[in-house]
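Line order of the protein sequences matches chains A and B.
Using this note's numbering, the letters of the first sequence correspond one by one to residues 1 to 303.
Using this note's numbering, the letters of the second sequence correspond one by one to residues 1001 to 1384.
Fair warning: there could be bad hints in the mix.
[Claimed, not checked] Here are the simulated EDC-like cross-link-like pairs (lysine to aspartate or glutamate), alpha carbons at most 20 angstroms apart as the crow flies:
(1) Lys-1142(B) / Asp-151(A)
(2) Lys-1142(B) / Asp-1201(B)
(3) Lys-129(A) / Asp-1241(B)
(4) Lys-1255(B) / Glu-1215(B)
(5) Lys-129(A) / Glu-1341(B)
(6) Lys-68(A) / Glu-80(A)
(7) Lys-1203(B) / Asp-25(A)
(8) Lys-1203(B) / Asp-144(A)
(9) Lys-1321(B) / Glu-5(A)
(10) Lys-62(A) / Glu-87(A)
(11) Lys-129(A) / Asp-1299(B)
(12) Lys-1321(B) / Asp-1339(B)
(13) Lys-1202(B) / Asp-144(A)
(14) Lys-1202(B) / Asp-25(A)
(15) Lys-129(A) / Asp-1261(B)
(16) Lys-1142(B) / Asp-144(A)
(17) Lys-1163(B) / Asp-144(A)
(18) Lys-1163(B) / Asp-151(A)
(19) Lys-1194(B) / Asp-1208(B)
[Said to hold, decoys possible] If you anchor each label on the Cβ, the simulated ranges turn out as follows:
(20) Arg-1376(B) / Ser-133(A): 41 to 49 angstroms
(21) Gly-1181(B) / Ile-37(A): 27 to 35 angstroms
(22) Trp-1069(B) / Ile-36(A): 45 to 53 angstroms
No lab work stands behind these hints, which were simulated from the structure alone.
Quick caveat: nothing in here was measured; it's all calculated off a predicted structure.
Heads up, the beta-carbon is just placed ideally off N, CA and C, and yes, glycines get one too.
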Amino acid sequence: MNPWELIIQQPVTNVLIVMSHYLGDSFGLAIIALTIIVNICMFPLTLSQIRSSKAMQDLQPKIAELQKKYGKDKQKLTQEQMRLYKESGVKPAGCLVTMVIQMPVWIALYQSIMLALAVAPEGLLNLSKYLYSWPIVYSILPLDRSFLLLDLAQPNFILAILVGASMWLQQKMSTTVPSDARQAQQSQMMLWMMPMMFALLALSFPSGLSLYWVANSIVRVVLQYRVTGWGGLRRKPEETTVVTDKKYVKFDDSGERKSVDDVGADIVISDSDPTRKDVYQPSKPSKARYQPGKDRAQRRRKN
Amino acid sequence: MNLKGKWRVGRIVFLVILMLAVCLSGFGCIKGMAPIGWSGGSISDNTLFVGTREGRLVAINLADESRLWTEPLKQVSQPGLFGCSPMMGGGCGSGSAGVAIYGTPMVYGELVYIAGYNGKIYAYNTASLALRWVYPRESNLKPFVGGIAISGDRLYIGGEDGKVLALDTATGDPIWEFQTGDKIWGTPALYDGKLFIGSFDKKFYALDAADGSKEWEFVTEGSIIATPLVYNDVVYIGSFDRHLYAVNVSNGSLKWEFTGDNWFWAEPVVVNDVIYAPGLDNYVYTIKEENGAKIDAYDMASPVSSRPVVVNDSIIVATRKGVVYSISLITGQVSQLADFEKDVDGPLTEHEGIVYVHTPDGSLQRINAATGAILRSISLESQN
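Let the hints inform the model, and build the full structure from the sequences given.
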């Protein structure tokens, strides 16, 4: 057994099996429960990731502004962006770091579910080497793979749809439409691409894995809602007009778009009279340290 | 969309697919998720019959090593994305190229019988491998993992649907069926007009081979996959509760039980009133047939899931890692015969002092048990 299997995969697999026993021999409930528990354990990291992501999104108008201002001077643009991040207390690599830390846990959970499902005879034989010497673990196997009329070892169409829908929901909540039209297009594509890919994969994999994907997405949706609200889900599609010869984007303002989550959504960048007061005026970033989540809480209290 | 935009979209699609492929193939795939099969061999008239990972039955003439194959068994469904499908176990990568065959073919008269993971039982002519009958003719039952037992004109098998079936050997017509509480992966054993078989429902059944009525059942704490061994009016059966049970054939009462450190998966063998029971805890236990007392435990350094064979005055054991050992029945000395460095899960076959080991690379390895010489392997693939 390699270190990965010994330290991560084996404990998770055994915990999953024991949980099945204490949850009425239901492997489906064990998958859901373990997904929730792991999410709770990872909560500080997830929270940090969501907040970093939110803070980055909140800075999008200012970054767009900088891009407009220093578009031709890449070095200056980078310097200004870094200064903006620093002053706002945002770490651009924060999202990535937390994601990298979480990734092994998710992979271990995924592997353990597939391992414990033991779909093929070889799988059950292979599972034996991961078992602790606990009588419960030996006696409960092979696990009962039926759950809510589902055979967790077989793909399920409805669950595959749920995988796609829950992933789309989670991604939609966590993304905002970037100011740049090309980026917006990419963002839209990613929003649909990943859920569709996972839904298709769910049609080929045991539905126990789909159950894990759905449970995980739902937990993430709940966390996302608690931290940032509905996020991108409440935002109306923005009508963007690309003025190709001027290399900037004009956003139409709308009276309804006043959500507390839409920081910077009512910005109009225009090359018209810069003295006008009814449009957003570029300004130096505030010296006050940005505190993700707090702005929203304060505004809530005011309302 | 202009050319640059298309290129950008293509790049995103490529990255997404690459990421998924890395995550699911590299990190995510679990060894042993796809059914491959581990058919043992059966020898009749100097011809060895074995199921291949191509999903065919092959007949090997041991005199000249000429081979004859059947048509591949028919898959239930086509593989899905990334080589995954329900029939392939939902895993990725190296599943069986055809229908997985786990049970050892059985020869009876002029026919050879085999059951596939596609839920069908086939009877072929031993000489020509022409298909004589298939059961069921149209649809498919749940997969068959266990092997076939034959007595008289009847064939017995248990399936994943938990049913024990008795079929007519000549026609494949069903005679009776018995429903257990869960899946059956083990091979039945016949003795004194009784059929013995274990089930995932943790029960060990003794049925009347004539009509399928239950004579008795013996309840254990774990699922039963192992094939029973019957000897001197006692049936020996290993369970997932880490026990090897000795049960009286007549009434199903417990004679003794022996505890190991992991599942008993493979069928034990008995020589001179001593039981050799291989376990997944890396040991082969020697147990007194009379009272279940442990005589010795041989450390094989890897789990043993394949049935050992007795050759002259030694027991030949293959571990899951592909190391083949010989345990002397006289001195108890263990010596390594070969290391194939390939998984060995299926039962070993012995004929005229040669031990045949089916490895997952689609080969039949051969060892001379007396000298330990490794003979040239025989490819089971129809393309080689």
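These are the hints, each one checked on the structure:
1. Restraint check for Lys-1142(B) and Asp-151(A): satisfied, since their Cα atoms lie roughly 13 angstroms apart, inside the 20 angstroms limit.
2. Straight-line distance between C-alpha atoms of Lys-1142(B) and Asp-1201(B) comes to about 16 angstroms, which keeps the hinted pair within the 20 angstroms bound.
3. At roughly 15 angstroms between alpha-carbon atoms, Lys-129(A) and Asp-1241(B) fall within 20 angstroms of each other, so this suggested pair holds.
4. Of the pairs offered as hints, the one joining Lys-1255(B) and Glu-1215(B) holds, with about 18 angstroms between alpha carbons and a cut-off of 20 angstroms not exceeded.
5. Using a Cα cut-off of 20 angstroms, the hinted pair Lys-129(A) and Glu-1341(B) holds, with the two alpha carbons roughly 18 angstroms apart.
6. Among the hinted pairs, Lys-68(A) with Glu-80(A) is consistent with the structure: their alpha-carbon atoms are about 12 angstroms apart, no more than 20 angstroms.
7. Only pairs whose Cα atoms come within 20 angstroms are accepted, and Lys-1203(B) paired with Asp-25(A) is accepted, the gap being roughly 18 angstroms.
8. Restraint check for Lys-1203(B) and Asp-144(A): satisfied, since their Cα atoms lie roughly 16 angstroms apart, inside the 20 angstroms limit.
9. Taking the CA atoms of Lys-1321(B) and Glu-5(A), the gap is about 17 angstroms. The hint holds against a cut of 20 angstroms.
10. Of the pairs offered as hints, the one joining Lys-62(A) and Glu-87(A) holds, with about 12 angstroms between alpha carbons and a cut-off of 20 angstroms not exceeded.
11. Straight-line distance between C-alpha atoms of Lys-129(A) and Asp-1299(B) comes to about 16 angstroms, which keeps the hinted pair within the 20 angstroms bound.
12. The suggested pairing of Lys-1321(B) with Asp-1339(B) holds, with an alpha-carbon distance near 8 angstroms, which does not exceed 20 angstroms.
13. Between Lys-1202(B) and Asp-144(A) the CA atoms are separated by roughly 13 angstroms; this keeps the pair inside 20 angstroms, and the hint holds.
14. For the given pair, Lys-1202(B) sits about 14 angstroms from Asp-25(A) by alpha-carbon distance, which is consistent with the 20 angstroms threshold.
15. For the given pair, Lys-129(A) sits about 11 angstroms from Asp-1261(B) by alpha-carbon distance, which is consistent with the 20 angstroms threshold.
16. Taken as a hint, the Lys-1142(B) and Asp-144(A) pair is honoured in the structure, with Cα atoms around 16 angstroms apart against an allowance of 20 angstroms.
17. In summary, the hint linking Lys-1163(B) to Asp-144(A) is supported, as the alpha carbons are separated by about 18 angstroms, within the 20 angstroms threshold.
18. Taking the CA atoms of Lys-1163(B) and Asp-151(A), the gap is near 19 angstroms; set against the 20 angstroms cutoff, the hint holds.
19. Between Lys-1194(B) and Asp-1208(B) the alpha-carbon distance is near 5 angstroms, which keeps this suggested pair within the 20 angstroms criterion.
20. At roughly 42 angstroms, the beta carbons of Arg-1376(B) and Ser-133(A) sit within the given window of 41 to 49 angstroms.
21. For Gly-1181(B) paired with Ile-37(A), a C-beta distance near 32 angstroms keeps the hint of 27 to 35 angstroms intact.
22. Judged by the Cβ atoms, the range 45 to 53 angstroms given for Trp-1069(B) and Ile-36(A) holds: they are separated by roughly 51 angstroms.
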